[in-house]
Structure formats: C-alpha cells, structure tokens
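Novice: Each chain, letter by letter, is given below.
Protein chains: 2
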Amino acid sequence: MAKLNFYFDPLSEPCRSVQLFLEANKIPYETKHTDLITAATRTEEYRKISPTQTVPAIVHGEFKLFESVAILQYLAGAFSTPDHWYPSEAKKRARINEYLHWHHLNSRWKGGLLVVMKYIYLPHFYKQEVSEEDKKGSIIALKQTLDTFENYFLKDNRFIAGDEISIADLMAVGELIAPDIIGVYVGKGRPRVQAWHQNIKAALGAVYDSVHAAMYKHMDDIKGLVPPIDY
Amino acid sequence: MAKLNFYFDPLSEPCRSVQLFLEANKIPYETKHTDLITAATRTEEYRKISPTQTVPAIVHGEFKLFESVAILQYLAGAFSTPDHWYPSEAKKRARINEYLHWHHLNSRWKGGLLVVMKYIYLPHFYKQEVSEEDKKGSIIALKQTLDTFENYFLKDNRFIAGDEISIADLMAVGELIAPDIIGVYVGKGRPRVQAWHQNIKAALGAVYDSVHAAMYKHMDDIKGLVPPIDY
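So the sequence lines, in the order shown, correspond to chains A and B.
All residue numbers for the first sequence refer to UniProt numbering, where the first residue is 1 and numbers rise by one.
All residue numbers for the second sequence refer to UniProt numbering, where the first residue is 1 and numbers rise by one.
Looking at chain A on its own, in the form it has when it is part of the complex (with noise of 0.2 Å):
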C-alpha cells in the first residue's frame, strides 16, 4: 500500500474536516504539520508539495494533491470508504457536489473566514483597522449564509445529503463552528443547525473532540480578546 503523508495545521478548518476523515475511516497516515502561523508553508520546499503553498494536502505514493474536498473526494475513492462518505447513486453524488462548490465562497468565505478575519485575526494579530460597520457587514454576511444552511441544506434530513454523514458534513461543520472563536454560535436561533452539529458529534464519536483538541486550546488562549458580540 502506498504511503500517505498529509501537510496539515490543527487550526486550519479545511485540514481539520480532512483530519476528521482520515481519522473516522482509520486510513493510516504521516503526519507533516506544517504550521501557517511558522510560516511553514512559506517555504520552497513546501512549494513542491503544494503549488499554492497552502494546507492541506498530500502526497499518496507519489501523486502530490492538494484543496481539503479535492482530496476528500480522492481518498473516498482511493480507500474505498463505506459508501454514504461520497455516494456513488448520482443524484445524492450531485446533492453533495451542489453543496460542497456553494461552500467555497459561503460556508468558508463567509462563514469560517471573514466573521473571525475582522473581528480577530485583522485587529488583534495583524494590528490592522476594521471598521465596526466592516464587521457588522461580515455578521450579517454570515447570517444570509446560515439561513440558506438552515432552510436548504438541512430541510429535510439530518445530514446535508442524507440520513447518514458525508464529506459535504465535514467540510461544513469545521467552517460553521469556526466563528464560536468569537463566541458567534452558529446554532442559536437555529433548530436544524443545532440538530445537525450534535448529529455530527454522534457520528463521528472520540473522532470529533480529538481533531479539535489544538483549536479549543486555541479557543481558551484567546478567549476575552474580543468583547460579546450582539449576534
């Protein structure tokens, strides 16, 4: 069996939803932290694994991947994980597919990205200003995203394609939770949301406190920097 070596950073919520992955289905891999807050990634020979210096990838025997579903969607295949990961039947394959390229620019941009860019990474850490309607505009922004998770995604299941857990769930629920970093729970207000995380936490057992173990230390290190937010 090849081997697989997977480039990854415990604070990065695409890693995280890989790691949930891998860690769910027992692949057996090398850990290579390479960490953004190091700059680990900035380096040339980092460059040869990823071309966009980003995390995560992999490296499987000699096939370099990297972007976290890109990945998902190969090592579904690759280690022929039970089906309801990434189902074969093509409307459920198209449901999950739907979500998982709205993620991109919603659950990610909006969601995990641009609520904690402005209102921690940008001023606390990068000593940049943000403008308090700048940050409201990023709450609200992430509002309209949950309301479509909320009234679309999760209408009529318990997971976003399904009855049973999937990638598309992984790949969601390590943006949505991001924004808990600033004390913004995704799930207030929101029954279906709320629903679907503790369905994920079922799912995915010890798996799931132990891939974000790093990020709730994160959490605690942090906590206070930001007053409460009126969410």
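Mixed in with the good hints there might be a few duds.
For chains that are exact copies, the list does not tell them apart, and a pair is met inside one copy or across any two.
[Claimed, not checked] Here are the simulated lysine to aspartate or glutamate pairs, EDC-like style, with alpha carbons at most 20 Å apart:
{"#": "1", "residue 1": "Lys136", "residue 2": "Asp230"}
{"#": "2", "residue 1": "Lys201", "residue 2": "Asp221"}
{"#": "3", "residue 1": "Lys217", "residue 2": "Glu30"}
{"#": "4", "residue 1": "Lys48", "residue 2": "Asp35"}
{"#": "5", "residue 1": "Lys48", "residue 2": "Asp147"}
{"#": "6", "residue 1": "Lys3", "residue 2": "Glu129"}
{"#": "7", "residue 1": "Lys91", "residue 2": "Glu62"}
Keep in mind that the hints were calculated from the coordinates and are not lab data.
Given the structure of chain A, go ahead and fit chain B onto it with the hints provided.
Specialist: Showing chain B alone in chain A's frame:
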C-alpha cells in the same frame, strides 16, 4: 428521455460555462432566460427552482440542481458525454477536482468578479465609490491568481488536466476572460494562458462565439466607460 430545463443569463460567467458544455455535446435543452439585471432571479417562483436564487440552475425531469460545477458534473454522467470532459480515472479526476475547488475563491472571486465589480459595476451601475487602492488591490489579486494558473495548472499540458478539454477548462475560461470587459486581457505576458485560450477556441469551434455573443454585445455597449487600465 426526461426533459432538461436550463435557467440562465448569458451575461453570467458560470451560465456560459454550462451552456458551452450543453452546446458542445449537443444535449437537447429548453432555455429559460432568467436575467439578473431584470431581477428575474429574485421572484418567489424562481426560488422554487433555485433556493439561492442564483443562475445557472437546471431541472432534469423532476430533479432540481444549482451550482454550475455540480451541474456540469451531473450532466457529464446523466448524458454519458465523452470521458475527457470529466475523466473517470482517479488521478485525472482528482486533478480536475483540485482545479474546480480552487476555482471559486481564485478564478471566480479574484478573476471574474473582483476586478469587474471594482472597476465597472460598483462605480458605474451601483454608483458606489471605490477607492484607487481598492481597485489596484483587485488587479494584484487577479495577477496572483493568473500566476498560479500559468505556472501550475497549465504547466505541462494543453488543457488543465491533460491534452483534452474538460469541465475545468470551461469553468476557468468563463471567469478568466471576464476582465476583457475593462480591457484587461489575461493572456498578456502569459504565453501558456494565451495558448490555452486558443486551444479552447479550437476545441469548441463555432460554439465558443455563439455562446459569447451576448457578452460581446454587452462589451461593445459599455466600451469607453472605464479609461485604459495600467495592467
């Protein structure tokens, strides 16, 4: 054979990508013009077709689907189009998925949307002020995207995933020619992008121009709105 309805606006990049595929593969479909500018997407009726009220969307028999890439992936399977459009071989497919997931926050956001919004749509149609710094920032982001596209995705091949055209090329070309509208030709100083653009035109023949006809007209209409850009 189930009927295929295609909801689209010919001025939308993702719509044109899907239409190129439909036309190139001679897939029979019924056009449902759903123009963004007349707010045809903002009706409650259209929300029943596309819950995000975006174009493109399809209804195939009873099956509704939005998100352009998911539509292309679904159509390739449903109409058994030639393998090169979305190869079944695992590593080739992974390379295409890698591009298609990178696409949204790069070719789409920094390619097709940001520059055009900052230079044309926000100041001229929505009468919003855009600072010079903001405009220049969008050009920098576009150049970074094009660098990765030229130096990685087109490094070894005539097309993104090899010697034949795929759905990745259709998605990319739609976005990357969009800045043409403000006189920014993305092939300038980038020989691989230039050759790739010619390869796409050659592979698609007359279909390329017919699908772009409405865009060419729109470009003519707004010509001169923006002074030449130092690109």
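Novice: Take the hints in turn and mark each one as holding or not.
Specialist: Against the structure, the hints:
1. Lys136 / Asp230: within (10 Å within a copy, 34 Å between copies)
2. Lys201 / Asp221: Answer is neither: 24 Å inside a copy and 54 Å across each miss the 20 Å cutoff.
3. Lys217 / Glu30: neither (23 Å within a copy, 54 Å between copies)
4. Lys48 / Asp35: within (16 Å within a copy, 44 Å between copies)
5. Lys48 / Asp147: between (40 Å within a copy, 16 Å between copies)
6. Lys3 / Glu129: neither (45 Å within a copy, 54 Å between copies)
7. Lys91 / Glu62: Between copies only: 11 Å across chains, 33 Å inside a chain, cut-off 20 Å.
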